[in-house]
Structures are given as C-alpha cells and as structure tokens.
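Chemist: Here is how the chains run, residue by residue.
Number of protein chains: 2
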Amino acid sequence: MIRVGVNGYGTIGKRVADAVALQPDMELVGVAKTSPNAEAAAARQRGYGLYAPADYADRFERVPLDGTLEDLVESVDAVVDTTPSGIGAQNRPFYEEHDTPAVFQGGEGADVAEMSFVASETYEEAQNSETARVVSCNTTGLSRVLGPLDREYGVERARATLVRRGGDATQPNRGPINDSMPDPPAVPSHHGPDVQEVLPEVDVDTMAVKVPTTLMHLHAVNVSLESEPAAEAAAALLDEHPRVELVPGEAGVEGCAHLREAADDRGRPRGDVWENCIWDESVTVRDADLYFFLAIHQESDVVPENVDAIRALAGDADAAESVARTNEALGVGLDLLPEERQVEAGAD
Amino acid sequence: MIRVGVNGYGTIGKRVADAVALQPDMELVGVAKTSPNAEAAAARQRGYGLYAPADYADRFERVPLDGTLEDLVESVDAVVDTTPSGIGAQNRPFYEEHDTPAVFQGGEGADVAEMSFVASETYEEAQNSETARVVSCNTTGLSRVLGPLDREYGVERARATLVRRGGDATQPNRGPINDSMPDPPAVPSHHGPDVQEVLPEVDVDTMAVKVPTTLMHLHAVNVSLESEPAAEAAAALLDEHPRVELVPGEAGVEGCAHLREAADDRGRPRGDVWENCIWDESVTVRDADLYFFLAIHQESDVVPENVDAIRALAGDADAAESVARTNEALGVGLDLLPEERQVEAGAD
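Respectively, the protein sequence lines represent chains X and S.
Heads up: take any position in the first sequence, counting from 1, add 2, and you land on the working numbering.
Heads up: take any position in the second sequence, counting from 1, add 2, and you land on the working numbering.
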C-alpha cells in the first residue's frame, strides 16, 4: 500500500483525497487544512485523518485534529500538495526535509518540481523523480490530445482558443459578469508554453478569453498536421486516449452543462468530468488542418493524473497499469451512448 | 439628395434610420413597422415618417401612420430592408416591382441580392447592382481585417474562433445562462463561407462558441500569412482601415464592457461601437502566423456599411468619398487615447 497525505483540501485537494481513498493500492492517511470550516468537518465525516500546520492547530476546536502537518508528511510515502498557487513552492523544502516525494499542482511554476506530469506523456520521467508537477487543467487537456496527434500525424503547429470559465461556482468574487475578456490580451497565454513543458517538441500557440460561466472551459482547437488523416481516423485516434471522450451528435450534449449533467446522472461525485470531451461532429480536417471543440472540467480533469503521479513517484506500476487502475477505481468513461451495434450484412 | 426608406425598425433598422438622418446627402423619408409599440412611438418622436404594410395599417391607432409601406417604397430612391431574417427575401420582389434599389441584411442568404457588401472591399461591385446584402456583423468585422491583410501580405489561411454573445440585452429569451456552447458544433460555422462571399480569394475557417454575454462578440483570430511582417507593421496596417481601431494597452480597456463604456462616454447613440476594435497588445507574429483579438459590436458595426450601400446603389460618390462622408457624419473613430506625441530628439 502507498500511504498518501494530501496537503490542502480545497477544490483539487478534496477530489484527490476521495480518489486516493478509492484506490486499491493506496491508503489515505489524511488531509491537512488551515481552517476548521465546513470542508474540514466534511473530511472528518468521511473518516479522513485531519491534520494542520502546527501554527494553525489551536484554531481547530470544533473540528478535532489527528496531528500536525509534520506528523502527516513524516508518516506517508507521498504527499500531494494542493495548497493555493505559490504556497506549494514554499512547501517544497519542508517535504524534502522529510524525504517525502511530493506532487504539486499546475498553479505552481514549472520549476517547483523536477518534471511536469501528464500520465499518457511523461509517466516514465516521473518514475525517476522525487517531485512532479501535475500541470493545469487546460494544459492537461491539450497535452492529452496533442501528444497522440503528434506521434501519429506530426504536429506542425497547434493553435487553441481557450474560452475560460470566469470562476468556479464557489468563487463569487470572480467574474466577469457580462463580458468576454481577452485574458490576457497578450499572445500566447501561458498555456502554450506550459504544454511545451510536457511536450517540448510540439509547437503550440494559445489565446485565452474569460467569460461569465462556472461549469467548464471550452477550447476551439486547430492543429496543422504534417500528414493529412481522414476526420474519422483522427476522431478515432483521439477517442483511444483513456481520458478523452468523443461526444456523439445523437447524445444531445449541446454544451458544457450537458456534460456535467451526464456526470451527475451517472452518480459521479460532484458531477465531475475527468475526461476531456470532444464533440464528434466538430472533428474536421481540411488540407491537413484539423479542428475540434474540446471541453475541460477545470475542477477535476487533473484528479486521475494526481493519482497516477503518486504511483509514478512512490509505487511500482508502469504507466499503462497505473492509468488502468486509476480509471477502474474512479469509473472513468462517461459512455454517453452505448457503442454502436455492429450491423452485420443480413442473409436476406 | 438620396431619398431613403427603412423597412423594419428593430435593432438594425432604428440605427440605420438615425445614421441616414445624419447624412448631408440623404433624406430619411420614413420607416416602416408592423407594430405600433414604444419603438414606433420613438420613431415619431424623432420626427421620422411612419409607415406600415397595408395589412397592418389598422393596428396603428395610438401611433398614427403617414402611409403604407407601398407609399414609402414608391417614393424613395433606395430602401433598406431590416426586417427579421428570411422576410427580406420575401420582400425583394415587392421592391423590384417598384424599381426601388434595395439593401438587405446579413441574416438573409447570399442569394437575396446581387452582391455581398463591405464598403472597403466591394463598394464598386454594388455601384453596378440594384440590390446589395450588407453581410452580418461578424462577417463585416472579419472582412475589414482580412481584406487589407490579404492585399498587403497574402493570406495563406485564416482561422477565427468567434466567442459570440448569447443575445442582445433586449433578447431575454436567448441564452445560454451559464455555459459555453459550440454553436454550431460543426466546423466551419457559416461565417467562414460568408466571408468568402465578400473575399472569394481568402481561405478562412471559423469556429463559433456561444456564451452568456450581451455586449459584443470577441474573435480570437489567427492568420497564416504568405510574407512575415513585424507585429508593429501589421498593427499599423490594421489601424489604417477607417473602421478598425487599435486599443492601446494604456487605455485600460480590459474587455467589451470597457469599449461600450468608452462609446457611452463619447456621447454615442446607444453606446454603439461602429469600429472593430483590436487590442494592440494582442497583435503578435510568430513564423508568419499573425494573432489578434477583435471585438465586434453586433448591433452597430454594419450601420455605416448600410449607409455606404445606399450611396453605392443610388448615389454617385465613390467608395472613399462615401466612407469618409459616413464616418464624418456619424463620428466614427473612438480615439481611445490621444495620438502619441512624436518626441523629437531634444537639443538638450
């Protein structure tokens, strides 16, 4: 069993903790927080060990602690840092002092860890590292699709417009409220260079726009390829990725809200969509230029990657085993419609 | 004087009527409506002649009419049809019966008129026509930028992601309310082919996303060019267009709301932004690929085009004269900041 601690219990931390608790080869020792709030109470209700940095321990009166963050980090085989952006970098020396391998999040700079992690692309590199950074939701989604496309057809240049949700539903202080804003106006946004931390050989430019939604990001992707596939072949290749899902037209999925609804209808925790979803109808090829729409659930697509990053740092499964185990334990695969029946040519 | 009638007095019609009334070489004979509502009352308050199709005349009790639509069409040198999409095509034979040149809107198919109109691109073609279609707001904006780029550098391929406002502020029945939706999921959206009605030689693909905003559309534009300009040169070229405006970073214009606010602050009717606005900071060139963000006010960027289309069909001004006259009468040119002072090398 890989003993795991999760430092931070916000949007990503709570999801990673739940995902770790479901893995047959992992034990969630506990989670660390700084506030004894409703989320902390929920962690205890779930039976998770609760820890806090020593300086914060005396805040925890109504929600009792099991120990300090140091106790947690000392007793685990790997820690996942899901603290707010920038705090992870401050925490790294602390994990190193305790010789505890650490997984960081994409809000940190690339230099927070030895490598940038996407399971299908850089798992092996993480196996030789003590620290890994799971890249951001958008970078994860783009890497999942650009990696296979580059291997199969060669990516001459990729260009993506990221239509970003202004904030999560629990971030009422964010916006905009009625605007589409270049975010940032400069080109490229940080996402393109971040994809190149995972896929250094892929040439990609990104432009980001912020809009007043909370549910998911939506990317309009263009990829100039070195060889020209049929659209059906490109769609099939993308669909082969264990965390990419094609959305068939017949599914009636008109936007991001329908994807979240499908996740809810399948009983998923928090309506999470771990897969990056591509509208089948959007996959178009014209003169070696490939186009498609890609939906990305900002709160959850990195969750299975965090689980795999733990195994890469502290376990002995290879990439394919880890991805299969994570997907199986979580139930990755929305299966929006049953597979098309293979209609056999009739005898009459 | 060119005597003008406007059939339809909705979002576009009311703006075109106001713009025509401001032209020194035009006389607005009147506008035609089917409902005696608050907008009809506003037309009378502005002193515009008010007309209705004969079948609708008996509805107009509280808001008196000056005559029937037929009276209007019979007495003018040109009619601008701003009726709802699809009605324009039904009206065309009626205008032809009266030998009245007609301007249609982009909601109609390209075959509603002899040609598709953008003043800087196809004015001369309209001078030899009896009917013209002013293309949609998005197509107008893309044509204004792609035409000059193609002439100066050669457009190998253009790709635009259109982040579309879900509805105008007066369309409470539209949406989405909290979603980013491929609209349509199929690629290209109709905008690319529509640009090619204006610029047949320009290769352009468009993808459209609908978001919960009302103020403006925002395009993320990529243009693969045949020759590679410096970003500053490309920005200067775009800025030369009489209806394109560069947004300097120092202007503090963060999104579409700021553009509308700037129009309001300059006393413009309805906060209209007739210019297509490009964030200066976004104009980027990398390996002959040009990128920029382009904002498009869906309710108004076609208004000056309608005025020019009237002159092309029924007047004798050439393109440059007409554009200059229209811009002068309306006050086109947001002038977000004073021109940079040319700093001379000082003598000390």
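These are calculated hints, taken from the structure and not from any lab test.
Don't be surprised by glycine CBs; every beta carbon is placed ideally from N, CA and C.
Check the hints yourself; a few may be wrong.
[Claimed, not checked] Cβ pair distances, simulated, as ranges: (1) S:D267 to X:H100: 25 to 35 Å; (2) S:E341 to X:G88: 36 to 46 Å; (3) S:D267 to X:E341: 37 to 47 Å; (4) X:E341 to S:A238: 52 to 62 Å; (5) X:S87 to S:G177: 30 to 40 Å; (6) X:A322 to S:G177: 56 to 66 Å; (7) S:P202 to X:E342: 37 to 47 Å; (8) X:E342 to S:E116: 43 to 53 Å.
Chemist: Any hints from earlier that this structure breaks? Give me their numbers in increasing order, please.
Modeler: Hints 1, 3, 6 are the ones this structure does not satisfy, whereas the remaining hints hold.
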